[in-house]
Amino acid sequence: MRKILNYKITIVARSPKDIKGVCNALSFIEKNNKSLLKKVQKINGVLIRSIHSYDNELILPEKIWVCGTGTVRESSVSYLASLLIHESVHCIKYEQGSLNKNFRDEPVAYRAQIMFLKKYGEKREYLYVTKLLKEKYWKKNFISISKNENIKSTNNLYNYYKKYTSFFH
Amino acid sequence: MSEKTGGRGGNPTKGPGKPPPPKPPKSPPPPKK
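Listed in order, the protein sequences are those of chains A and B. Under this note's numbering, the first residue of the first sequence is numbered 312, with each subsequent residue one higher. Under this note's numbering, the first residue of the second sequence is numbered 56, with each subsequent residue one higher.
Simulated from the structure, these hints should not be mistaken for laboratory data. No incorrect hints appear here.
Derived DSS-like pairs (lysine-lysine); straight-line CA-CA distance at most 25 Å:
id, chain 1, residue 1, chain 2, residue 2
1, A, K445, B, K73
2, B, K73, A, K328
3, A, K429, B, K73
4, B, K73, A, K350
5, B, K73, A, K434
6, B, K73, A, K463
7, A, K434, B, K78
8, A, K331, B, K78
9, A, K442, B, K73
10, B, K81, A, K434
11, A, K353, A, K474
Facing chain A, a subset of chain B residues (Cβ under 7 Å, in silico):
id, residue
12, P67
13, P71
14, P74
Glycine included, each C-beta is placed from N, C-alpha and C at the ideal position.
Throw the hints in and build the complete structure from the sequences for me.
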């Protein structure tokens, strides 16, 4: 595994290409909106799993975002940047004492992501996330897969983080 | 569920990790007669 520190965020991945993808997204945020970069720096680290997956989760209280290569390699720079904006909202909400009960923080995280894409992303990306917010994608996604699968997904992501936790200290 | 994520009393924070499909490639213009 490789590790780099970029904009005070630790990025860990097997492939340098994936690390570069996240670095490019951070540079994109910095170039366009420095105050948003400060918010994104609430995320302590990004850990990219070596599997093609779109499954992702923010590990709390550590504030490490675990994602898969599907997300990093298939996202445009602006879309990946918008996902970091989304996760930074969850970090801020967590600091304010919210536990995302009943997914109550999702609308605000989606709105921040949409605002970012509207300003700096592609129109189709902005429309896509707007549609996900409208259909409450998080609920749909959560309900459409069984409780066991949800637990399995969360545990997989958390166990992966535990395996590489030393990279973040 | 792990105590650090969904089990901490709230719900897991999973973002929309699947990006929108890429733009379809533009079809080439018809050949000139």
